[in-house]
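In case you want the letters, here they are:
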Amino acid sequence: MQKTECHALALRQAQDEVYWNFLRREERMATKQTRALARTMMAPAVVVLFIWMIVPLVMTLWFSFQNYSLINPMMTGFAGWANYVYVIGDPSFTQSLINTLLLVGGVLVITIVGGTFLALLLDQPIWGQGILRILVISPFFVMPPVAALIWKNGFMHPGYGMLGHLWKFFGLQPVDWFNQYPLFSVIVIVAWQWLPFATLILLTALQSLSEEQREAAEMDGANAVNRFRYIILPHMARAITIVILIQTIFLLGIFAEIRVTTGGGPGYASTNIAFLVFRTGILSNDIGAGSAGGVVAVIIANIVAIFLMRAVGKNLDA
Amino acid sequence: MGSITLEHVNKSFGEVEIIPDISLDIRDGEFVVFVGPSGCGKSTLLRLIAGLEDTTSGTILLDGQDVTDAPPARRGLAMVFQSYALYPHMSVRDNIAFPLKMAKLPQDVIDQKVDYAARTLNLASYLDRRPRALSGGQRQRVAIGRAIVREPKAFLFDEPLSNLDAALRVNMRLEITELHQQLKTTMIYVTHDQVEAMTMADRIVVLNAGNVEQFGSPLDLYKKPANRFVAGFIGSPKMNFVDGPEAAKHNAHSIGVRPEHFKLSTTEGAWKGTVGVAEQLGSDTFLHVQTDGLGLMTIRTDGDQTFRHGDVVWLTPDPTRIYKFDAAGKAI
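Going line by line, the protein sequences match chains H and W.
Position 96 of the first sequence, counted from 1, bears residue number 95 in numbering that gives the first Met the number 0, the numbering being contiguous throughout.
Position 219 of the second sequence, counted from 1, bears residue number 218 in numbering that gives the first Met the number 0, the numbering being contiguous throughout.
No lab work stands behind these hints: they were computed from the structure.
Every residue gets a Cβ at the ideal spot worked out from N, C-alpha and C, and that includes glycine.
It is possible that part of the hints are untrue.
Partial list, derived from the structure: chain W residues whose beta carbon lies under 8 Å from chain H [claimed, not checked]: (1) A84; (2) P98; (3) A102; (4) Q106.
Let's have the full structure, built from the sequences with the hints guiding it.
Spelled out as structure tokens, the structure:
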């Protein structure tokens, strides 16, 4: 390379360096003041939220160490770890834990794969796009018990559900979904409800991908599959992370769908941790054991949250 | 090899006709600049050649082969976008390697080509960074790197320098011209900046409202503009136009004189005027002179002239360099 060119290059690199240092310094100066201001502004909300959380938590903790059963009101006082031993020691607990994980995992897989697919379809220019998008979003506006009832009576009932009729049309024995595949049925209902949410978030992510990047990939010889794998999917990674985080939080506490359809049964086949707490505390009238179950549920939720943050939270830093 | 021929290419978006009918012949190894005001269809024309838009009618030939219906990947062209369009989640190395990876080349060949491109463009020390951590000029060079590793038949540039600051733009302009000298590959470059067009091009296509106004070498366009539009568009500051009786003296509907083709005097001359704003650039001074009856004129003089606001001056156009136009704007 010629000397003058070298010189020009060195100069340009020095200019770049100065520019970036300048930007960084600007950032530091600004954050010092805004950080203090932000803390002050946030304080009231944080305090209220803290009280909101800590009072019920402490009460639950207190009850979980008490003998407090409505069936046996004579027995009161400190119970020690008895409630915990009772809840965790029962075989229903292990099954509920597995059911919870299956429910969360199953719904996440269906909503993210299905949501990505639907988002890709909805991103195509088609006639009636606006109405179609509203239709796709609409299940999210249906309240969980209502949605569960629609599925229970409208679709999955072996006698007069749509699926029953469909099976009969093909000359098959109608499936009694809630007895034969109780957990799977609940997963389908919950996935139906959360699919619109995933679709919506993933669609917005898809639409924020710059057209030029897609075209550049096209020029670079990437076919549709490669464009999806190397350009679109990495671009959506952050949105998928958000969908996983938000959905997991809500899916750990699924209750209404189970209450309305299977009632947790047959046996404990479709009981998750949240429903187990309900069964122990309300159906069996054992407030103490129910509270112990509640505390365990909180601990499990936190463990899941830590794992999730570790596994997928990295995506959010970028 | 990379000769590109357009035959009666037409492009309409629904009712709106962007490009009515364009035929062009771009020779192998040529640096051609499409220049014109915004909305003149120059980017659309480039995208038609790239294959990112489909022609409504007409044929596009690449090395004599009909590629009108070929997808962009099959045409073997590389494009540098205005926004650079780097892949933000990939390192600089992966960005440059992406087209090679898509072409399923073996890894050691890819490494070799990427390293070569990085050395050519002085990107070697940035290879493991993400595009986010690069400055505008560096991103631009990565985009060019991604284009050259494929060894395309032709490069297409879509206003690649418009996001850079003025100093960097001049540098990159030189670098791209230098690159063309080294590679000797056909390049098509779209810009709205006539200075870029004049300095870089072997030949310039001046576009206006989807029509080719003139296709020729920079000096051709400067010295022999085909019509009033080209005369006004090429050259900075703009050519001064005079209509009416003064033009009729030269047997023309209107005449044009470039700012640099005036003789300036404080005592005598053809047109009398008063100095308005004087823009002093050091090397030159641009005087904006309000002439009596002929409107505002821009005059280029040397930097040592010190005229003040309100001074009376006389302008004499160089008689050999008066451009004449008929009523339709065509050069006579």
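So, going through the hints one by one against the coordinates:
1. A84: OK, holds: A84 (chain W) within 8 Å of chain H, min 4 Å.
2. P98: holds, 4 Å
3. A102: holds, 6 Å
4. Q106: Hint violated; Q106 (chain W) Cβ to chain H Cβ min 16 Å, cut 8 Å.
In this structure, the one hint that does not hold is number 4.
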